[in-house]
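Protein chains: 2
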Amino acid sequence: MKTLSENSCFGGMQGVYSHASEACKCDMTFGLFLPAEAADGPVPVLWFLSGLTCTHENAMVKAGAQCWAAEQGIALVFPDTSPRGADVPDDEAYDLGQGAGFYIDATEAPWDRHFKMWTYVAEELPKLLGDNFPLDMARQSITGHSMGGHGALTMAMALKGRFRSVSAFAPICHPTNSDWGRKQFAAYWGDEAQWGPHDATMLMQGMGFDGPVLIDTGTDDQFGDLLGTEHLAEAMAKRRQEGHIRLQKSYDHSYFFVASFMEDHVAFHAEALYR
Amino acid sequence: MKTLSENSCFGGMQGVYSHASEACKCDMTFGLFLPAEAADGPVPVLWFLSGLTCTHENAMVKAGAQCWAAEQGIALVFPDTSPRGADVPDDEAYDLGQGAGFYIDATEAPWDRHFKMWTYVAEELPKLLGDNFPLDMARQSITGHSMGGHGALTMAMALKGRFRSVSAFAPICHPTNSDWGRKQFAAYWGDEAQWGPHDATMLMQGMGFDGPVLIDTGTDDQFGDLLGTEHLAEAMAKRRQEGHIRLQKSYDHSYFFVASFMEDHVAFHAEALYR
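These protein sequence lines map, in sequence, to chains P and C.
Residues in the first sequence are numbered from 4 upward in steps of one, following the working numbering.
Residues in the second sequence are numbered from 4 upward in steps of one, following the working numbering.
Errors might be hidden in some of the hints.
Because identical chains share one entry, a pair is satisfied inside a single copy or across any pair of copies.
Claimed, not checked - 27 angstroms max Cα-Cα, derived BS3-like pairs, lysine-lysine:
# : residue 1 : residue 2
1 : Lys5      : Lys252
2 : Lys252    : Lys65
3 : Lys163    : Lys5
4 : Lys5      : Lys65
5 : Lys163    : Lys252
6 : Lys28     : Lys5
Derived from the structure by calculation, the hints contain no laboratory data.
Please build the complete structure, drawing on both the sequences and the hints.
Printed below as a string of structure tokens:
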């Protein structure tokens, strides 16, 4: 593991690290914020999964999360959204290939060699973090934005018992029913019959989540039709899932929206992590 | 004036606008955050002047200032740091030409046609803002980062009575005595005998500031030797200038540092603006 940068930040440390990833077969970069409390022992962890086109950096510099994580004594992990590099396949479209890993393991060429973001975020990176930093991996929660909201919701439900709470900002809620989802699943997984159960609405209809859920989406989200919020809302209400779905008046899909509600999300997770 | 974007943000609106600048003879872009209170009438204004290489955007997305400005009901202005465009002269170095206006009016070719950032920030932009937005121009304060801290301090002192309070993050304090200053003043103004009184330490030795001053600089600032904090500290102490100079342990020059102390700065200005 290589330290790319470490900056003092809200009494703690915002680091950026890279490492050779076995899952993605390339170097991967991630951001990690450690609050001051990490000097005295392991702290709980909140994952932030980012959206299409993002690297580890966008949320790290734009979401204003460190302020609230420092207040709560919680670490923040900012993974990248895909494998990267000259050897890694890409596509001209912003929503396929590099920057668009969709938090799934591809099985179709040319993506199947590197695009293993599920394994990377669910297995490889947690192990690396637990082995190298003062993190209490028994206390984890997860959030994300857009494609990263899809990632957060599907991981929270599929990895039963891993996360104490899940939240999302403008998540892609029903990818098998949206152009943000069908296109990528077809490319990474091929025929629809082979698609994995990586759809938050379908997982909510099935197993649900054993903990609280918080969803914020703007009423003026320019990608609102692609998100399918109504499907997740229906599924949550139907199974009486513990949670809040909030439609925030006049907010859009930007990081200005994410930053505006970050305090609420970190406080929501802190309650679950310190319960 | 053209609206480039408007995003809901912390209950208010983060806008980006461009206009043909008379002072700079090119189109100029600025960011303006209006808190919710602006819907009911004019609100006080806090200027944020940015540092070398920055546009209007860096502080707007990285400093986390909107959160605290919304809490205090204060507008934020984020001007660009120089004229821009294919017709505007530039230099290969990051610290001269576009992105490095230094908040002064150039008199030397090739800079003298466009590089009029003093006039732009001190005269043209305030007039445009006052004419077009619900801003109470009788209640203004100013802050900035690095080169923008130099701009904030020199404007606060030179424009007597304009600003109720001034603060700065890692400001260039004594540019006539630093490679961040001498190089640019020589290029924009020519012979040293012609240099204007745009040096915070010299202005502090002279007129000082009629109001409170807050300076934050990191003890691990990688550009610490270029900032000359000791000269401003000496000048402030000598004239018994009302103010705080804080050396923040282990912080560097980055926006992680700026964001970490933004709450303090906005609260400091709010106290002066609502006095």
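Status of each hint after checking the structure:
Taking the shortest Cα distances, Lys5 and Lys252 sit within 27 angstroms of each other only across copies (25 angstroms), while inside one copy they are farther apart (43 angstroms). For the homomeric pair Lys252 and Lys65, the shortest alpha-carbon distances inside one copy (21 angstroms) and between copies (24 angstroms) are both at most 27 angstroms. Proximity of Lys163 to Lys5 under the C-alpha cut-off of 27 angstroms is found in neither arrangement, the shortest distances being 31 angstroms within a copy and 51 angstroms between copies. For a Cα distance limit of 27 angstroms, the shortest separation of Lys5 from Lys65 qualifies both inside one copy, at 24 angstroms, and across copies, at 25 angstroms.
In the homo-oligomer, the alpha carbons of Lys163 and Lys252 never lie at most 27 angstroms apart, since the shortest distance is 33 angstroms inside one protomer and 42 angstroms across protomers. With identical chains, the CA atoms of Lys28 and Lys5 are at most 27 angstroms apart within one copy only, with a shortest distance of 16 angstroms there and 47 angstroms across copies.
In summary, the structure is inconsistent with hints 3, 5 from the numbered list given earlier, while agreeing with the others.
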